[in-house]
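So the protein sequences, as listed, match chains F, H and L.
Numbers 1 to 416, taken from full-length UniProt numbering, label the letters of the first sequence in order.
Numbers 1 to 416, taken from full-length UniProt numbering, label the letters of the second sequence in order.
Numbers 1 to 416, taken from full-length UniProt numbering, label the letters of the third sequence in order.
Keep in mind that the hints were calculated from the coordinates and are not lab data.
Any given hint might turn out to be false.
A pair holds if it fits inside one copy or across any two, identical chains being indistinguishable in the list.
What the hints assert, rightly or not - Restricting the straight-line Cα-Cα distance to at most 25 angstroms, the calculated cross-link-like pairs of lysine-lysine (DSS-like) are:
#: 1; residue 1: K231; residue 2: K112
#: 2; residue 1: K263; residue 2: K390
#: 3; residue 1: K11; residue 2: K263
#: 4; residue 1: K348; residue 2: K159
#: 5; residue 1: K388; residue 2: K199
#: 6; residue 1: K393; residue 2: K112
#: 7; residue 1: K263; residue 2: K388
#: 8; residue 1: K263; residue 2: K393
#: 9; residue 1: K112; residue 2: K159
#: 10; residue 1: K399; residue 2: K231
Given the structure is predicted, the values throughout are model-derived calculations rather than measurements.
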Amino acid sequence: MAPKNAPNLRKYQTSLVLLLEAAFIAIFYFFVNYEDYNVNGKRIPLDMYAEFQDVHVMVFFGFGFLMMFLRRYSFSSTGFNLLLAALAVQWATLMNGFLFSFRDGSITINLKSLVTANMCAASAVIAMGAVLGKSNPIQLILMTLLEVSGFIFNRWILKNVLRVDLLLSILHLHVFGAFFGLMMAWALSLPGKNRRHEKEKQSTTTSLFSMLGTIFLWMFWPSFNSAFLEKENEKMYAVYNTYFGMAVSAVTAFAVSVITSRKGQLNMAHIHSAVLAGGVAVSATAMMTTFPWIAMTLGFTAGVISVLGYRYARPMLNRSFGIHDTCGVLWIHGFPGIIGVLTKVIIKLVMAENIRMILKDLLFEYVALSATLALSLVLGMITGFLLKCKWWKPVPFHKHFDDQAYWEFPHLAMKL
Amino acid sequence: MAPKNAPNLRKYQTSLVLLLEAAFIAIFYFFVNYEDYNVNGKRIPLDMYAEFQDVHVMVFFGFGFLMMFLRRYSFSSTGFNLLLAALAVQWATLMNGFLFSFRDGSITINLKSLVTANMCAASAVIAMGAVLGKSNPIQLILMTLLEVSGFIFNRWILKNVLRVDLLLSILHLHVFGAFFGLMMAWALSLPGKNRRHEKEKQSTTTSLFSMLGTIFLWMFWPSFNSAFLEKENEKMYAVYNTYFGMAVSAVTAFAVSVITSRKGQLNMAHIHSAVLAGGVAVSATAMMTTFPWIAMTLGFTAGVISVLGYRYARPMLNRSFGIHDTCGVLWIHGFPGIIGVLTKVIIKLVMAENIRMILKDLLFEYVALSATLALSLVLGMITGFLLKCKWWKPVPFHKHFDDQAYWEFPHLAMKL
Amino acid sequence: MAPKNAPNLRKYQTSLVLLLEAAFIAIFYFFVNYEDYNVNGKRIPLDMYAEFQDVHVMVFFGFGFLMMFLRRYSFSSTGFNLLLAALAVQWATLMNGFLFSFRDGSITINLKSLVTANMCAASAVIAMGAVLGKSNPIQLILMTLLEVSGFIFNRWILKNVLRVDLLLSILHLHVFGAFFGLMMAWALSLPGKNRRHEKEKQSTTTSLFSMLGTIFLWMFWPSFNSAFLEKENEKMYAVYNTYFGMAVSAVTAFAVSVITSRKGQLNMAHIHSAVLAGGVAVSATAMMTTFPWIAMTLGFTAGVISVLGYRYARPMLNRSFGIHDTCGVLWIHGFPGIIGVLTKVIIKLVMAENIRMILKDLLFEYVALSATLALSLVLGMITGFLLKCKWWKPVPFHKHFDDQAYWEFPHLAMKL
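Given the sequences, and given the hints that come with them, work out the whole structure.
Dropping the structure here:
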């Protein structure tokens, strides 16, 4: 069955991608080189290689397979995730380099640059989750470039205006990616089309592949939350808190999912979302608390909110506001991220000896979160309307969630 | 097709899980905090993070996917594995803390605690393997709490009565988990129901997912056997011996599986079991031998016994004694574990210069194994009979091995 | 449906494998022991454990699942990969030991031996890729022994005749494995049978499993290319170059695959091949260049060549020369490997201050590559003709690409 009405993107996709890659290579040629450890005379932080690998696995494998749940969109989910993330790391390396480490006419790269680039790619991939199945590769590529630019520009603002630590500002990736994606989904929504799509289902096999991605994300999240922490005490606290927070959110998911079903049955999509929400919720405070119960309570809260939001608020947002969030990124990344920052504020308040002294600190946290939210919402909306333009040949409604628009099909094609 | 006769666990499961989590968080609040590396003035064993990650991957991903082979029970296998293991690590952290490191009214946690907790969770997950598909989540949660308690109590006995090193006693997890599970399976067996169940089959896809889990367990087993060894010589020997032992057991599995089939065909279930049996068999002696042939011989033996046991003894145990061992844990963990300890005794005997001097040592090994076996058998039986109680709404025979009793089904449910 | 005409290998396979294992254990008994770190008084390079794990994952899991794409050959692909790789590491440990580190009548093993053995196994597994689905386990086992012997013999020649560094010569594994496999495929080809085989197709699920293997290989390739580098500068350059080279080849694959399809659709098999070709292409120069653009250009070139070769040259080679390359190893490993060495020569030429001084160096590179090519072609052909012999009961054409010849089928067999 040929994808009759899906536009043929052949020439567009090839020329766009090749042009981009040629441009990237040219810019790298003129500006980018590697840190020389001999010259600096210092020992290398090779230990960061483990953190790099773990984050690498999460971005390229974890998210790529987590999003594979749609029964007829599995090739695109994992394929486009690879394409976008591989583009995003190149673009993020350049953007981060030019904005934060451009010296003597060149950008110097080390392992930290790679981890940072991977995390920026993660924010783009999260944004993709909200429009998964509803946009073509060309739209997704443009979205990636804009989202990564916006996210890094946000880091620049936070650093230069609010003096937020660069390594802390990267933790806003969940909130930025999720709300950017949501607004894009809203802007791209088609009038009268906020109804169920017959292809928007899971199959048993794609659910299991998605579980595979979920479990890898879940297991490596302690590395994600601790990757940039350099004081060993803080690093270990982040590992412990993430470990216990996620254990609790996993258990909680099984309790809450059952109660929301009349027949007392679990829903696999709830498990996929809720077990990860715990990792997002603890990310802002993971390095601060020296005992597990706060992280556990956060994991509990995130698990409950994530399942309830996914079951009740997600369809409501679609019906009432036309915000169709394919992967439920608002409930995995958006809300848990905000809860995390709020908890940080509360902890600082409670622990403060002199309330006045930390008021400025709290104000800064508040402004940083608001600025991130505002920028992601505005940029997401602009990006969404931009992508709606006929130039990019948007995919028609009846071809949503369908691999056949983009892939030659293996059981049809001979592999000689 | 609604699961007409499977009892609705809705309120029970939710209240049990939420109550447990609330209790855990409360106990953690009063008693648990993290080790402070600044106060102790010592450098942190951050290198243990790699071992932690590997064991983490094995418990949550490896076992969760290894057990996924049943064609209609894949959601439950991996889902319940996540639920039980996430519960078990919290409970094991508390139990281990109260019994072995309770000082000044509090438990102090470090990376070693997390690895230990993961290993205790592994023993619970192994026990679950024997009753997989035949018990509901409520039964499994109770089983987990009892099994972990029993296993840690066994460590306490071995430490205080027999002065067995705490870190060595944890290697009994294979034997304890397997025999606990077996007795549970026996106690739970239904009279006249030890016949074939029509749903107890593999599908091609679930077999491949199970192979995925198998391969990950196989690859990371050297980390499992060496995680707690601190002398670098011993650590490396454990890695080498496990590597070669498992290479041989993998190869052997392919030889023995073929000969047991009239048509000369391989059986995927044999491969899943036998390639892992080698890792269990070498675990007790892996740090002792400074040359590979003993580990290789152990791998060979374990591979042979595992395939033969799985093909011939497993159905016989079911028919004659009503012990239905779903995953064949007796042949992956039980017997190979015993073989490992016996080999350790033989090696000590052969290497002893003065036979008298080691007799006490050997006696202790013997008593430790017997005590572990006895406790696991008794506790497993008691747990089994406890779980048979009507209170827990046991799942009726015709709903065994069926996901539909516990999960909303993706190809039926719309995902809006 | 019983595999009526596939020969029953029952006794042959069992006796061959058991005999081999018995022989291996005996040789290990007499000659192999482990390095003793206390005696040498030096600290152990335990950091190599991470590299070991990553390469281990690539060989046993990555390649095993990459090759799983055939819709009716998934059990055999991953199963035989495990069997062959587990055999190969034992044989390679012995061969490498006897040729390169035999002292005082014994071979001493350390972590480096294990990584080397894994890499030799990788070359055998690559060669298997060319004849996947067309040879039975007995043929594959013989092939493995010969290929590993040939590859290690090639290292011996390069070391003793051309004084090529042992650790560099191992990077020829891609070229050696690929051309060995190709010639085997040519020699095994059946006259008049170079037409399409109806079973040589992918299914959606097997494609996704193959993508899983691809992504893991892609993610861990930086470790593969840097595993043996000991100067930290070189090691980091290898990681960076591989990271950027592979990011570009992944992106390029999506551009080129689309343009080769009339309907502008992607082909999953192109993605599987082309994203990896970048890692092979940069392997020879990864430690040399201190800026990313050369690796990125290599990744770009490899991506383009790999897709075009797979789409156009691969079927042509089959029709015109009877070289049927099941996995397209020529386009993943063969050509990209040669491109890598040629690039190395060009870089040395350009960077040379005095052209005369490096001419000898270049000549040596040229001779090393030619020698490797020649040996792999000749040995591959000989092996192919050897395997064609009726003794090994070659599998008839209509049973090619079919698991049922070798496996009991789970949905047919009860698992009691």
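Do the hints match the structure? See the list:
no., hint, verdict
1, K231 with K112, "both (15 angstroms within a copy, 19 angstroms between copies)"
2, K263 with K390, "between (45 angstroms within a copy, 20 angstroms between copies)"
3, K11 with K263, "between (51 angstroms within a copy, 10 angstroms between copies)"
4, K348 with K159, "within (21 angstroms within a copy, 43 angstroms between copies)"
5, K388 with K199, "within (22 angstroms within a copy, 43 angstroms between copies)"
6, K393 with K112, "neither (38 angstroms within a copy, 54 angstroms between copies)"
7, K263 with K388, "between (41 angstroms within a copy, 23 angstroms between copies)"
8, K263 with K393, "between (43 angstroms within a copy, 15 angstroms between copies)"
9, K112 with K159, "within (17 angstroms within a copy, 37 angstroms between copies)"
10, K399 with K231, "neither (51 angstroms within a copy, 53 angstroms between copies)"
Hint compliance for this structure: hints 6, 10 are not met, and every other hint is.
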